[in-house]
Amino acid sequence: MKLKQLEGLLGDLQQFSNPKVELEQYPTGPHIASRMLFTAENSYGDITDKVVADFGCGCGTLSAAASLLDAACVIGFDIDPESLETAALNAEDLEVEIDFVQCDITKLELKGRTVDTVVMNPPFGTRKKGADMEFLSAAMKVASQAVYSLHKTSTREHIKRAALRDFNAKSAEVICELRYDLPKLYKFHKRKEVDIAVDLWRFEPRQNN
Amino acid sequence: MRLITHNMLSCNIKGVTNGFPLKIEAEKVIEKEVDFNPDFLRHMFAKIEWKALVEAARSMGYAELPEDSPDAAAIDSADETFLRKLHHALLELHLEEGALVCPETGRKFPVNKATFWTHIDSVDQSGGSASMWTT
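Protein chains in written order, with the UniProt record's numbering: chain A, 1 to 209; chain B, 1 to 135.
A portion of the hints provided could be inaccurate.
Pairs of lysine-lysine residues, derived as DSS-like cross-links and limited to a Cα-Cα distance of at most 25 Å, are as follows [what the hints assert, rightly or not]:
no., chain 1, residue 1, chain 2, residue 2
1, B, Lys47, A, Lys170
2, B, Lys113, A, Lys111
3, A, Lys141, B, Lys51
Rather than coming from a laboratory, the hints here were simulated on the basis of the structure.
Just so it is clear, the structure is predicted and the values come from calculations on it, not from any experiment.
Given the sequences, and given the hints that come with them, work out the whole structure.
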């Protein structure tokens with residue numbers, strides 16, 4: 001599948017109808033999602049024929065991208081039932097198989113190391129402090145091959161230190177810097193649109209367990 | 001939900017020491033064909049909890065998997081029969097409606113429209129949320 005085609009398909013997905021601010025629900029746009037997964041597969045071979053988990057999947061954009069790039073199995077995890085309903089509809093529209101699990105990711109313990117790759121666009125920690133780190137910690141416990149995640153560029157040094165020192169990362173690399181366009185979604189947003197600098201990270205867990 | 005996913009899930013309610021594997025109560029099971037990928041299956045085989053898979057498949061109406069996990073030689077051989085059974089059990093059986101049950105507490109977690117729900121309360125607007133994982 002070509003990048004443009006992937007981006008096009010992701011652009012047709014339904015997004016949050018009723019976004020919950022305390023969960024930092026923002027859609028992962030097709031531009032970012034397609035590039036993130038395309039790079040994960042074309043540069044690193046982390047998607048096709050792999051078991052891929054999407055942490056904080058929301059409406060399932062990253063999950064859908066992984067499926068479209070022929071992951072062997074995709075599982076989306078999210079705490080919000082409404083988003084998962086939308087995610088399930090999206091999967092049906094695209095005619096891809098995605099298993100969804102509704103749970104609190106910070107309390108999740110998966111058996112074994114069946115998951116190869118975790119992809120995620122986690123909360124940045126603007127509502128619940130430290131949420132970004134909680135997601136990263138959870139992902140690093142589960143993935144056997146790689147974790148792809150988006151974090152604010154302003155947190156770069158902090159993330160790198162935590163990943164290598166506390167979360168069992170063998171490597172922590174910023175693959176590219178992206179501009180995340182956030183449309184005015186919530187009442188408290190003053191500007192019509194805002195642009196945030198985010199890093200696309202690739203983490204490799206150490207091979208123990 | 002497919003059994004490849006079920007094979008990873010355990011009950012994490014506080015106090016539960018062995019919440020794996022979750023028992024399956026199947027109300028609606030459907031089968032969907034998927035492309036056969038022997039390399040992927042060989043790679044997965046080493047990571048699967050075998051007994052849990054056999055029992056789960058049986059609950060879904062599929063009893064073709066051998067009780068005892070075959071040895072590595074059987075997996076590497078050219079005979080595809082075993083791999084085809086593994087393929088079917090892991091990837092082609094879907095639990096559409098039913099429940100996963102904690103083996104220790106008997107707590108039931110619903111599966112509907114193929115989604116597995118650990119709790120069905122909507123998220124508390126004040127920022128907290130009730131979670132079945134730690135009750």
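Against the structure, the hints come out as follows:
1. B:Lys47 x A:Lys170: Roughly 21 Å between the alpha carbons, so the hint for B:Lys47 and A:Lys170 holds.
2. B:Lys113 x A:Lys111: holds (23 Å)
3. A:Lys141 x B:Lys51: With a Cα-Cα distance of about 24 Å, the restraint between A:Lys141 and B:Lys51 holds, given a limit of 25 Å.
In summary, this structure violates none of the numbered hints.
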